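Work out the full structure: start from the sequences and follow the hints.
Single-letter residue listing:
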Amino acid sequence: MGRTVTTITQYLNETEAMLAAFRRSLRRSDQYIFDGIFASARKHITAISQSDALLPFETVLLAVLLEQAKDLTALQHELEQLRRE
Amino acid sequence: MNEATGWLFDLYLHPERGIVLWFITDEGVRLRLRMDFNMTFFAAGDFSRLRAAWVFLRERAQLARVRRRDLFLGERDLLSITVDSTSNLFRELQTTFPNLDYYDADIPISLRFIACTGVNLLGRCRLSYNGEWLLTIEPLSSPWAVQHDPLPLRIMRLSLDVDPAFREPNQIKVQSERGAYLLNLNPRRALIISLQADIQCLDPDLILTSHGDDWLIPNLMAWSAETGLRLDLNRDRTLEVQTKKANSYFTYGQIVYRRAQSHLFGRWHIDRKNAMLFSEYELQGLLEQSRVTGVGVQEMARKSPGVGITALQMVTALRNEVMIPFTKQQAEKTKTLVNLIRADKGGLIYQPIIGVHPDVAQIDFASMYPSIIVKHNISPETLGVVNAPMGLIPLALQPLLEKRLAIKDLLRQMNERDCQYKEMKERSAALKWLLVVCFGYLGYKNARFGRIESHEAVTAISRELILQAKEVAENMGFTVLHMYVDSLFVQREGTRERMDFEPLLEAIYRQTKIPIALDGIYRWVCFLPSKRDKRIPVPNRYFGVFQSGEVKYRGIAARRRDTPYWVKKIQLQVLECLAQAKTLTEVSSYIPDAHAILAQAKRDLRNAQIAPEDLVVTQSLSREVERYKTPSPVARAAGQLQAVGRSVSPGQFIRFVYIRGKERVRAWELGLDPRMVDIKRYIELLERACEEILDCFPIKVQQPEYPSSWLM
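Chains as they are written, first to last, in my numbering: chain A, 1126 to 1210; chain B, 29 to 740.
Note that these hints are calculated values from the structure, not bench results.
From a predicted model like this one, the values you see are computed outputs, not experimental measurements.
All residues carry an ideal CB built from backbone N, CA and C; glycine is no exception.
Heads up, none of these hints are tricks.
Example chain A residues on the side facing chain B (calculated, C-beta under 8 Å, incomplete):
id	residue
1	Arg1128
2	Thr1129
3	Val1130
4	Asp1160
5	His1169
6	Ile1170
7	Ser1174
Calculated cross-link-like contacts (lysine-lysine; reagent style DSS-like; alpha-carbon spacing at most 30 Å):
id	chain 1	residue 1	chain 2	residue 2
8	B	Lys708	B	Lys597
9	A	Lys1195	B	Lys562
10	A	Lys1195	B	Lys373
11	B	Lys403	B	Lys453
12	B	Lys580	B	Lys562
13	B	Lys559	A	Lys1195
14	B	Lys403	B	Lys363
15	A	Lys1195	B	Lys498
16	B	Lys596	B	Lys450
17	B	Lys453	B	Lys331
18	B	Lys580	B	Lys559
19	B	Lys708	B	Lys690
Spelled out as structure tokens, the structure:
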């Protein structure tokens, strides 16, 4: 209410809208993964917002990377457990 | 000369001179007294203009040259102007000298009286009087005491047999301590005679009606005039009933419709259907708000708590000789872009971990924003000042905050069957609403003492504090599932008893110095994903079951105002059904029962077993009907009402039912053939609502956010 600066939620919505043509040209299966990238950024809206970045896109990418690294680490962890069994 | 003790019931301007005060004395007498009462306001500005104003006023007011403090500009030289409280001299002066700065010019009379005498509305006082003139008055109670001598009110309730929006009512139900009976609205003569006899006999202090503001009171007055029979709705017979017209206005991004109002003198009239938040805190809560803020009961009932907060600040300012600007002059200061990005944020709202979680505690900071304002001395004039004395806003807020916390403490110790419990609960809720809005008023552009920077300071501190709380919780091995402005959802394996969370609460309090309490422990709680993409978390859509079996839900269909009652009811039944499970693992055995509830509900609908009023959808009209490009259901319904000559205004709530056929909806007031109900549409609404709950089960095996081995 009464905010001047675009919120990160709005920023992500706008960025996604800007990339609509890009997304449309992707295969349906890739579109799902592409949406997943934005979904993983949205898990960190608060953190991105707290970083006070002038250009939030870099921080958005970091958030996406963080989610990927998390998935990777979880998979590694699971793999190790399977190997041990 | 006579003396008395009692309660100050009401006060208002006399039409000619001074003020009229009403007291309820200890002997039960309703006493009307008059008093001469002067008010002082100030003008400041260019010396030559002030001099001209002085010449203009010379013969007509008491004038003096004084120095007083402007909260933003510091000490100023002023022309002080003292006149009788009924005088219109200010308006005249302002029109003649529009370029002067005016202070203390538009303060409600009740607030001036309170600041000047220390006697609060509904407060106890001792008075002496001679004939109809009040000589002396002194306070015997403080509005900030937790316990009050109960005000002995005589209440008359008038309710109509039907909502006048549907059809012409035929009867009024009259209820008072002397019993209840029905009164026919026709013939008018009999009605007026009978009602007048009742009012004279009972002499009620409060007439509590439904639809009184825009239907019953205006009609009663018209009928009294028509028949030429007296009807003393006012206790003060020298005055007419005051009516205010309905209007629509735009605030906070939405349009609001305000209904007409009927105010009485020497007696209160409250229309339950036109009283803001009345269902939240009932009469006792309303009286509490009036008592602590000084805003008259009839006005407080019809206005937002923001009016109360403004009044509280005004009284504090008057008492501390801080001047109240007539119009706010301060604009926002300039900021660098970086500072704007840093400051222009609200409370911290996290993204929860989607899915169902067992044994989760919700902990809440108590009155977080007001506590921050008081503890960190946040006020427009204290910002950026080191070791500033207590600012105006914390000064006004501190007693309110302390009273709320004291009542909350009392409630915690009280037995729920205690005869005072309900009243205390209502008063606590009323104070809570005042505290809730006080923060918003720091940043509100029209607030007299608002300044956006102080608003930003509060949210900045709150974000810092909740992050500190998160760190404390994580240091103690808790997973923070969610954070929402002033509350956290935490979970730790093996921790599920109240006392196990105590160390966490203490540690957070030690760190932040703001009291934090356990709201409850959920057997399980489910954070729902976005409707658009199941991978995206949303902050305020969840439901869960506390250990007591009580369910809590936010953002689901049952919470939405536009969900029909029937859909809400079934969704809650489904949720209550799952809530019977003592643990999360047991929930799966209740799923078949939940599906059975859903199936039965659909059968009932198809067999026309559902009352049409339970299918009514209520939505607010966001603009004039003609301005809808593609008519939404609510616009169609409003259009139907207009077509039969009913007036509809933006902001008004419109009720309708989905029907089959070209019209698609039918305005509820126009009557409905139950066979027309659009069964398919309602089944769709119901299924969507129940899926919100049932889709979360069975629980998919969730990857824990962090395997415990990572927490090293």
